[in-house]
Amino acid sequence: MQLNAREETPVVSVWMITYNHEKFIRQSIESVLMQKTNFPIELVIGEDCSTDGTRKIIEELEQKYPQVIKPVYHKSNVGAARNAYEFCLPKLKGKYVACLEGDDYWMDPFKLQKQVDFLEANPDYILSFHDCKVVDRDNKVLKEGRLAENFKKDLPQESIILGSLIPTNTVLFRNRVITCPKEIFSVTNNDTFLFALLGQHGKAKFSNDVQPSAYRVHDGGIWSSIDNLEKRKSGLNTYEQLYKVIDSKYKHLIKKALFTRRLMLIKQNKSVLDSIKYYINSYNYFYFGNGMYKTWLKSHYDLLKQLYRN
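Here the sequence shown is numbered in the numbering used here, starting from 36 and rising by one per residue.
To be clear, the hints were calculated from the coordinates, so they are not data collected in a lab.
Take the hints with a grain of salt, since some may be wrong.
Said to hold, decoys possible - Here are the simulated lysine-lysine pairs, DSSO-like style, with alpha carbons at most 30 Å apart:
| # | residue 1 | residue 2 |
| --- | --- | --- |
| 1 | Lys168 | Lys279 |
| 2 | Lys105 | Lys130 |
| 3 | Lys71 | Lys217 |
| 4 | Lys149 | Lys58 |
| 5 | Lys217 | Lys149 |
| 6 | Lys187 | Lys168 |
| 7 | Lys290 | Lys187 |
| 8 | Lys279 | Lys128 |
| 9 | Lys110 | Lys149 |
| 10 | Lys99 | Lys128 |
| 11 | Lys178 | Lys188 |
| 12 | Lys105 | Lys128 |
| 13 | Lys238 | Lys178 |
| 14 | Lys149 | Lys130 |
| 15 | Lys175 | Lys188 |
| 16 | Lys178 | Lys268 |
| 17 | Lys279 | Lys268 |
| 18 | Lys217 | Lys175 |
| 19 | Lys71 | Lys187 |
| 20 | Lys217 | Lys178 |
| 21 | Lys58 | Lys238 |
| 22 | Lys91 | Lys188 |
| 23 | Lys105 | Lys91 |
| 24 | Lys286 | Lys268 |
As the list claims (entries may be wrong) - Now the in silico label distances, taken between C-beta atoms and shown as ranges:
| # | residue 1 | residue 2 | range |
| --- | --- | --- | --- |
| 25 | Asn185 | Asn210 | 38 to 48 Å |
| 26 | Lys110 | Leu200 | 18 to 28 Å |
| 27 | Phe153 | Leu200 | 30 to 40 Å |
| 28 | Phe153 | Glu193 | 36 to 46 Å |
| 29 | Asn174 | Phe145 | 27 to 37 Å |
This one's a predicted model, so the numbers in the text were calculated from it and none came from an experiment.
Ideal Cβ placement from N, Cα and C applies to all residues, glycine included.
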């Protein structure tokens with residue numbers, strides 16, 4: 036890491052939010068401080084009025100590395116979305132932004148250098164990402180990689196917009212989004228929303244030369260505690276909000292996603308009334324492009340099967 040002794044404009048802003056991460060925040064911050072780069076970086080940390088010792092640890096490290104660590108402290112809890120997008124995002128000065136939450140950590144000391152070098156040489160790419168391991172609260176590896184082999188590849192704009200799996204704590208993107216539309220505060224999976232907005236500006240590079248980072252699963256994790264049906268409903272809401280703000284030339288992609296996701300929810304719902312509602316509402320976003328015929332037919336089969344059982 037190059038110390039920013041002269042308060043130069045950082046090349047990379049590391050964007051971190053944290054709440055009650057006392058057991059993890061030091062490791063997370065130190066994984067940023069260990070980065071070996073030939074450019075200055077900053078670490079903007081949104082500390083959301085934790086009730087444990089998280090803030091004390093940040094203050095300790097801030098005193099040691101004041102040129103790098105730039106905390107945003109809240110007097111009351113504002114919630115993850117406002118912490119990240121209302122308070123921290125506008126403060127990111129870097130040409131590039133790297134994402135890392137306060138309970139995750141990086142493992143490759145050259146991660147930022149490798150990703151910046153690629154994006155500097157390839158202006159048609161908007162972001163770079165890599166794989167991550169899944170670990171528990173004690174750093175025990177639960178899963179060696181989060182990405183299946185068929186996801187370890189570069190992504191075209193369409194795939195980014197449609198929500199292809201991109202582990203958030205692996206992403207480095209060009210700082211094109213200074214403010215986000217208000218709709219982002221109406222969704223749960225804000226990262227999918229953000230990446231879709233970024234996908235309007237370029238492709239995504241899978242950086243196979245970067246060691247996997249660590250994605251932590253623990254009792255305090257919000258997204259990992261939500262069941263699959265609720266995650267699908269949440270994803271549906273995300274694309275409904277995206278449809279309002281996405282550029283008109285990409286609306287057909289969101290329309291396809293909304294039509295498909297509503298039809299898929301028919302099978303997962305235990306309530307017949309909910310299934311009928313999703314079937315009817317899916318036609319608000321009717322789309323019948325390539326590959327839709329089988330999905331459309333299967334939705335009728337699933338709905339009829341539910342009606343027959345009841």
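Results for each hint:
1. Lys168 x Lys279: The hint is violated at about 35 Å.
2. Lys105 x Lys130: Status holds; Cα separation ~16 Å.
3. Lys71 x Lys217: Violated, at about 36 Å.
4. Lys149 x Lys58: Between Lys149 and Lys58 the Cα gap is close to 29 Å, so the pair holds against 30 Å.
5. Lys217 x Lys149: Roughly 33 Å separates the two Cα atoms, so the pair is violated.
6. Lys187 x Lys168: 14 Å, holds
7. Lys290 x Lys187: 26 Å, holds
8. Lys279 x Lys128: 28 Å, holds
9. Lys110 x Lys149: Violated. Lys110 to Lys149 sits at ~37 Å, over the 30 Å cutoff.
10. Lys99 x Lys128: Status holds; Cα separation ~21 Å.
11. Lys178 x Lys188: 19 Å, holds
12. Lys105 x Lys128: This hinted pair holds, its Cα atoms lying about 11 Å apart.
13. Lys238 x Lys178: This hinted pair holds, its Cα atoms lying about 27 Å apart.
14. Lys149 x Lys130: At roughly 15 Å apart (the allowed maximum being 30 Å), Lys130 and Lys149 satisfy the hint.
15. Lys175 x Lys188: With a Cα-Cα distance of about 27 Å, the restraint between Lys175 and Lys188 holds, given a limit of 30 Å.
16. Lys178 x Lys268: Answer holds: Lys178 to Lys268 is near 26 Å, not above 30 Å.
17. Lys279 x Lys268: Holds, at about 18 Å.
18. Lys217 x Lys175: 38 Å, violated
19. Lys71 x Lys187: Cα-Cα ~25 Å, so holds.
20. Lys217 x Lys178: Violated - the C-alpha atoms of Lys178 and Lys217 are around 36 Å apart, more than 30 Å.
21. Lys58 x Lys238: Violated. Lys58 to Lys238 sits at ~36 Å, over the 30 Å cutoff.
22. Lys91 x Lys188: 40 Å, violated
23. Lys105 x Lys91: 14 Å, holds
24. Lys286 x Lys268: 20 Å, holds
25. Asn185 x Asn210: 38 to 48 Å: Violated, at about 30 Å.
26. Lys110 x Leu200: 18 to 28 Å: 36 Å Cβ-Cβ, so the 18 to 28 Å window is violated.
27. Phe153 x Leu200: 30 to 40 Å: 20 Å, violated
28. Phe153 x Glu193: 36 to 46 Å: 21 Å, violated
29. Asn174 x Phe145: 27 to 37 Å: 21 Å, violated
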